[in-house]
Structure formats: C-alpha cells, structure tokens
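**Student:** If you want the building blocks of each chain, they are given just below.
Protein chains: 2
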Amino acid sequence: MKEERITLAHGAGGKETTEILENLLFNRLDIVYKRVKGGVGIDLPDDGATIPLPDGSFLVVSTDSYTVKPIRFPGGDIGKLAACGSINDVLVMGGKPIAFLDMIVVEEGVPMSLLEAIVDSMLKVLREERVPLVGGDFKVMPKGGVDGVVIATVALGLARKPIIDAELKPGDRIIVTGPLGEHGATIMALQHGIDAESKGLKSDVKTLTGIMIPLMEKYGEYIHAARDPTRGGLAMTLNDWAKASGTVIVVEENNIPVRNPVKAYSEMLGIDPLYLACEGVAALGVEGSRAGDILEYLRRLGCCKASIIGEVKKSEKYSGLVLFQSAVGGLRILEPPTGVLVPRIC
Amino acid sequence: MKEERITLAHGAGGKETTEILENLLFNRLDIVYKRVKGGVGIDLPDDGATIPLPDGSFLVVSTDSYTVKPIRFPGGDIGKLAACGSINDVLVMGGKPIAFLDMIVVEEGVPMSLLEAIVDSMLKVLREERVPLVGGDFKVMPKGGVDGVVIATVALGLARKPIIDAELKPGDRIIVTGPLGEHGATIMALQHGIDAESKGLKSDVKTLTGIMIPLMEKYGEYIHAARDPTRGGLAMTLNDWAKASGTVIVVEENNIPVRNPVKAYSEMLGIDPLYLACEGVAALGVEGSRAGDILEYLRRLGCCKASIIGEVKKSEKYSGLVLFQSAVGGLRILEPPTGVLVPRIC
Chain A
1 MKEERITLAH GAGGKETTEI LENLLFNRLD IVYKRVKGGV GIDLPDDGAT IPLPDGSFLV
61 VSTDSYTVKP IRFPGGDIGK LAACGSINDV LVMGGKPIAF LDMIVVEEGV PMSLLEAIVD
121 SMLKVLREER VPLVGGDFKV MPKGGVDGVV IATVALGLAR KPIIDAELKP GDRIIVTGPL
181 GEHGATIMAL QHGIDAESKG LKSDVKTLTG IMIPLMEKYG EYIHAARDPT RGGLAMTLND
241 WAKASGTVIV VEENNIPVRN PVKAYSEMLG IDPLYLACEG VAALGVEGSR AGDILEYLRR
301 LGCCKASIIG EVKKSEKYSG LVLFQSAVGG LRILEPPTGV LVPRIC
Chain B
347 MKEERITLAH GAGGKETTEI LENLLFNRLD IVYKRVKGGV GIDLPDDGAT IPLPDGSFLV
407 VSTDSYTVKP IRFPGGDIGK LAACGSINDV LVMGGKPIAF LDMIVVEEGV PMSLLEAIVD
467 SMLKVLREER VPLVGGDFKV MPKGGVDGVV IATVALGLAR KPIIDAELKP GDRIIVTGPL
527 GEHGATIMAL QHGIDAESKG LKSDVKTLTG IMIPLMEKYG EYIHAARDPT RGGLAMTLND
587 WAKASGTVIV VEENNIPVRN PVKAYSEMLG IDPLYLACEG VAALGVEGSR AGDILEYLRR
647 LGCCKASIIG EVKKSEKYSG LVLFQSAVGG LRILEPPTGV LVPRIC
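Chains as they are written, first to last, in the working numbering: chain A, 1 to 346; chain B, 347 to 692.
Since the hints were made in silico from the structure, they are not lab data.
Watch out, some of these pointers could steer you wrong.
Okay, the calculated bits of chain A under chain B, using three or more residues with CB under 8 Å as the criterion [said to hold, decoys possible]:
id : region
1  : 29–36
2  : 55–61
3  : 111–125
Beta carbons: idealized from backbone N, C-alpha and C, even for Gly.
Construct the complete structure from the given sequences, taking the supplied hints into account.
**Tutor:** Here is the structure:
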C-alpha cells in the first residue's frame with residue numbers, strides 16, 4: 001500500500017484543508033479541548049478565537065502565517081500583508097486590536113536590506129493603527145530550510161460582544177465592502193510573469209479599522225457575521241457561513257463588485273474571482289431590515305463600491321450551500337474551493 | 347560594498363540575535379509601540395508579554411516557533427516540544443495556561459503518518475494539561491519551501507501578579523529545578539550521528555506545571571524571576587536577567603547540577619553545558635531569606651536535583667554581568683552566547 005503524503009492541496013485552504021484538519025486535529029479532541037468554556041475555539045470555523053474574561057468582555061485572538069511570492073508586489077509586501085491580515089481578523093470578530101506579536105523565519109542569505117524593508121512595512125501599519133508589538137520570535141534557517149521569509153502573527157483584541165459567524169440568520173443580507181479578488185489576481189498575475197501593474201492590477205491590502213470600528217459602534221447589534229475573505233475568497237467565506245449557520249446563502253452576480261482588470265484577468269485564466277483572495281474587504285452578514293442603512297453608512301465611510309450581494313434563506317433542501325444567481329439567468333451551487341487554488345498568496 | 351546578508355548566527359539566540367532584533371525592531375519603535383500600557387512587551391527580554399485586563403489581572407501571552415532535527419528524538423518529538431515549550435513560557439511568567447494556538451507549516455511530501463504522530467504528541471500534552479486548542483493555522487509549502495515540519499505556537503494564560511524578570515534584586519538566590527543541558531546535548535549528539543540514547547542522553551522536555559503552579563501558590567511573592575532556559579541555555583537566561591535588573595549574578599560551578607552523560611558529551615565537543623538548552627527545567631530568582639525553604643519545597647515537588655546555584659549582587663563594576671566561580675577556584679565572566687550555538691534544536 002502506498003503511503004499517504006502531504007500535498008499542496010492539503011494546505012490550499014479548500015476542501016482538502018478542511019478534511020486534513022478534521023482528521024489531524026478536530027476529530028482527535030473532545031469539545032472541552034477545542035474552546036475555552038463560553039468562547040469560540042476550533043469548534044467553529046471563524047477568523048479567530050474568543051476567550052471570556054473575568055469582567056464579562058472577551059479576548060479575541062487570531063493567528064495566521066504569511067508566505068507570499070513575490071515578497072513585494074504592487075500595493076504592499078509580506079510585512080504589510082502580515083500586519084493588516086492579522087489586525088483584520090480581530091476586527092471582523094468584533095474586536096478592537098490591542099496587541100500584536102510576530103514570528104519571523106528567514107532563510108540564510110536573504111539581504112539585510114530586504115528584511116529591513118519588510119519589517120518597516122509591518123511596523124508602519126502597527127504605528128498607524130496604534131497597536132503595540134508586545135512579543136515575537138526570530139529564527140534563521142539554513143539555505144533551503146525555508147523559502148525567503150515567512151511571517152507568522154498573533155493579534156489580540158478586546159470585544160464587548162464578539163461577532164460569531166455561526167449566528168447568521170435567515171432574512172440577513174450579505175454585504176461586501178469593496179470589489180473582490182484584487183489581491184489574489186495581482187499575485188497570480190505576478191506568478192505567471194505578467195506585469196500586474198501595467199494591467200491595472202494592485203493588491204487591496206489594508207486594515208479594516210476605519211470601517212469595522214465605526215460600523216460596530218453604530219450598528220454592532222445588527223452585524224451577525226463578518227469576515228475578511230482571504231484564502232479561498234468569498235466562496236470560502238460564504239460556504240463556511242452557510243455550513244456553520246445551517247442556512248442557504250443566495251448571491252447575485254449582478255450585484256457583486258469586481259473591477260474590470262480583475263474580471264479580465266480571471267476570465268483569461270478561467271478562474272472565478274469569487275475564489276480569489278481579498279486583503280482589504282469585509283464580507284458582512286447583517287439584519288435584513290437594516291441592510292440599506294448599513295450600506296448607506298459604509299458608503300459614507302468611503303466604501304464607494306460596497307454592495308448588497310445576496311440574502312440568507314432557510315431551506316431544507318439547500319441547507320449549508322451557497323447558490324449563485326448568474327447575470328444571464330442560471331442558478332447554480334457555488335462550491336467551496338478545492339485543490340491548489342491560489343498557492344502562497346497570503 | 348558587499349551587501350549584508352542574513353546568517354545563521356543572526357538566529358542562534360545569542361549576541362547576534364539581540365543585535366539584529368534591536369536594529370530591526372526595538373530601535374525602530376517608540377516605547378508606546380513596544381508594550382501595552384502597564385504591561386510587559388518587547389521592551390523587556392522575558393518569556394512572554396503581559397497585558398493588563400479590566401479586572402486588574404493580567405493576560406500572559408507567549409509565542410515561539412519550533413524547528414528541530416531530528417523531528418523525533420529520545421524523550422519526545424517536535425509536537426511535544428512545541429506544546430511543552432509554549433506552556434512553560436506562560437508558567438514562568440507566573441501565569442496559568444488557559445488556551446493554546448498552533449501554526450503548522452509542512453513540506454509537501456511529508457508522510458501523513460509522521461504528521462499524525464507529531465500532532466498526537468502535541469494534543470496529548472494539551473489534554474494532560476487541560477489546555478484547549480482554540481485556534482491555529484495550517485499551511486503546506488512546496489518541496490524545498492520549508493524543511494519538514496515547523497510548528498509555531500501561542501500560549502495564553504492568566505496571572506494575578508506576573509513574574510517580571512527585571513525585578514530580580516541584590517540578595518536574591520538563583521535556583522535551578524533540575525540538571526542542565528539535557529535537551530541540547532541530546533539533539534546535538536543526534537545531529538553528529540551519535541546514538542544519544544546508548545550514551546545515556548535523553549531530552550528533558552516536559553511541562554513545568556507541577557512545579558510552577560504549587561510554587562506560585564505557596565511562595566509567589568518571593569519569586570522575583572523565572573525562566574525556562576531553552577535557546578542559549580542558562581548562560582543566556584542569567585545574562586538577560588543581570589542586564590535587565592542591573593545586577594551582577596555570581597554562580598558556583600560546584601552547585602550546578604549537570605548529569606554525567608551531559609558532562610562527558612559536552613567536554614568531548616568542548617561546549618559548556620550552561621549554553622545548552624533545557625526543556626523541562628526552570629531557573630528561579632528568589633528572595634534570599636526564603637531560598638532554603640523554596641529549595642526544600644521543590645524537592646518535595648519531585649525536583650530531587652534542584653539546587654541553589656548562585657547569588658544576585660550589587661556591583662558598579664560588574665553590573666549587567668554574570669560571574670562564574672569555577673570548581674578549581676577561578677572567577678570568570680560567563681559571556682552571553684554568541685554565534686551558531688545549537689542550531690535548530692528547539
């Protein structure tokens with residue numbers, strides 16, 4: 001019998017990743033070892049974990065690791081990506097970021113100036129966000145031990161009431177705060193040797209602080225789910241939500257904002273932009289009766305491309321699925337991403 | 347001019363690591379971006395950070411990354427090492443571990459059975475310690491993108507009063523809870539192709555819960571500093587302490603517990619066991635008048651090799667240094683570790 005080995009698909013963030021994580025981790029632990037009592041742990045697929053604190057508030061903790069080729073790209077670099085990505089994970093859990101930790105692993109021989117530039121990008125974000133770097137780790141691996149630079153991060157935040165995506169309800173509307181697939185399309189183009197910038201492609205990497213903090217203050221009670229659709233794109237986010245909440249989500253192509261350069265490039269490669277990573281967009285599940293007000297407010301916050309793209313419904317038959325209403329009329333299932341979608345882009 | 351590049355020494359945990367971290371991170375940030383107000387951050391070299399919570403207690407957060415060759419060794423494997431190391435970092439900050447997160451990066455082609463065994467070792471520790479795994483990340487890198495398996499961890503804990511190593515005071519005694527250098531000697535022997543087990547070498551990797559929790563309950567107010575001397579060994583720990591507290595630490599060779607196989611192997615390689623990593627030992631700085639009672643209590647907790655190895659003194663001339671009183675009579679400075687000491691062992 002041939003021995004089973006790890007493949008790239010196991011780490012691509014799609015179905016194979018879900019399966020290996022279930023086999024390796026989730027199924028091997030009783031529920032009491034999957035979360036702190038009263039909080040969210042690995043029992044729910046969310047952006048981070050929550051831990052109840054003695055005063056009734058919640059600690060939000062999120063962790064992620066970043067490897068991207070190329071290390072610098074139009075719109076940012078791995079340092080900016082790591083800081084923004086981790087801060088965003090706390091924000092979309094309803095938390096206010098309070099502290100950040102980094103773990104940098106560098107390959108021997110990397111130019112010092114490159115490492116300095118990456119770290120500067122990361123620190124610039126932390127300063128702008130007023131989030132202190134409270135700890136970290138630094139390791140060097142021999143040539144071939146790691147490819148370039150890997151940054152793992154931990155972001156901590158405090159939330160009065162965390163946003164638990166599983167609380168999405170029938171009647172809710174799905175909103176995205178900006179156009180989709182910008183980061184994913186840019187990195188894939190670069191990996192195919194295409195001059196992304198000249199094609200109008202640029203990563204959207206940025207923090208969501210200016211959107212999520214005022215939104216939570218004004219409409220916090222009406223936000224039932226929030227996520228930054230990074231690895232696996234919006235398709236992954238919506239499939240997770242439908243599964244976790246036992247609903248069906250119906251989205252309409254006509255309403256989904258995708259910029260023309262991303263559309264053109266996706267068509268060329270035969271990739272649906274809904275599977276491409278965003279690094280500066282939030283997907284929201286909001287109370288249906290407030291969706292219009294919230295959209296209006298998002299536009300005032302500067303999200304001029306924000307859009308209500310779909311609705312959450314109850315359905316025996318389609319529970320846990322995402323349905324896609326195409327512009328030309330057909331309705332199809334939007335599958336969760338599988339295989340090696342967008343390797344090493346975030 | 348030749349461009350400066352990253353070398354293995356930059357990541358070895360010694361002087362070069364301190365220098366690159368100062369240049370890359372510490373010197374580029376104002377103090378307000380190095381810690382949460384009222385807590386410990388990267389402004390102090392400690393095992394983790396502390397964050398004041400609204401109720402007056404502290405969150406302790408520690409992060410580390412683990413790469414070790416070989417992945418399995420007498421006494422444990424990288425999974426056990428990662429769980430124990432991270433839990434110990436919280437314990438020696440005076441915290442009770444409450445949650446754990448893991449980030450696993452695997453190289454394409456690693457046998458599934460190996461990964462399963464590693465994860466099982468990690469989960470076994472978490473179950474025994476009753477610490478839930480609340481989140482994490484999983485990535486696969488193409489062949490050559492990472493060497494085997496890298497595990498990064500985050501451990502969170504709560505402390506009523508954290509142990510801040512910089513609070514070490516003249517008059518304090520230094521205690522170690524067990525013999526030194528066991529893990530480091532074992533891994534180095536294996537890397538040199540020596541059958542470690544047959545030479546009586548075995549990693550000491552274990553959690554310090556059974557020592558630190560009762561010790562903090564009974565003698566918490568008298569413990570001024572605590573650390574698990576991993577990378578860089580006891581020499582690194584004591585140099586950090588002397589520097590952070592502005593004291594001089596004098597240790598006596600005669601009182602330092604090192605088992606014979608470790609001593610023999612260290613002599614063969616010409617390495618001082620004080621520079622070798624321990625993974626199941628705590629170094630403590632305790633109130634001088636209570637040192638005897640604490641030693642007695644540690645013995646009752648099962649630390650039969652615990653020993654008072656030195657004293658903290660005030661000195662203008664030697665402030666920030668560690669002095670080593672050798673068994674044959676000489677007194678010399680115990681330098682902080684430099685260069686590639688023990689690459690990739692913890």
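**Student:** Are there three or more residues in the region 29–36 of chain A whose C-beta lies closer than 8 Å to some C-beta of chain B?
**Tutor:** Three-residue rule met by the region 29–36 of chain A, so holds; n is 6.
**Student:** Taking a Cβ-to-Cβ distance below 8 Å as contact, does the region 55–61 of chain A have at least three residues touching chain B?
**Tutor:** It holds: at least three residues are needed, and the region 55–61 of chain A offers 4 whose Cβ sits within less than 8 Å of chain B.
**Student:** Has the region 111–125 of chain A got at least three residues whose CB is nearer than 8 Å to a CB belonging to chain B?
**Tutor:** Coverage by chain B holds here, the residue count being 8 at a Cβ distance below 8 Å.
The structure agrees with every numbered hint stated previously.
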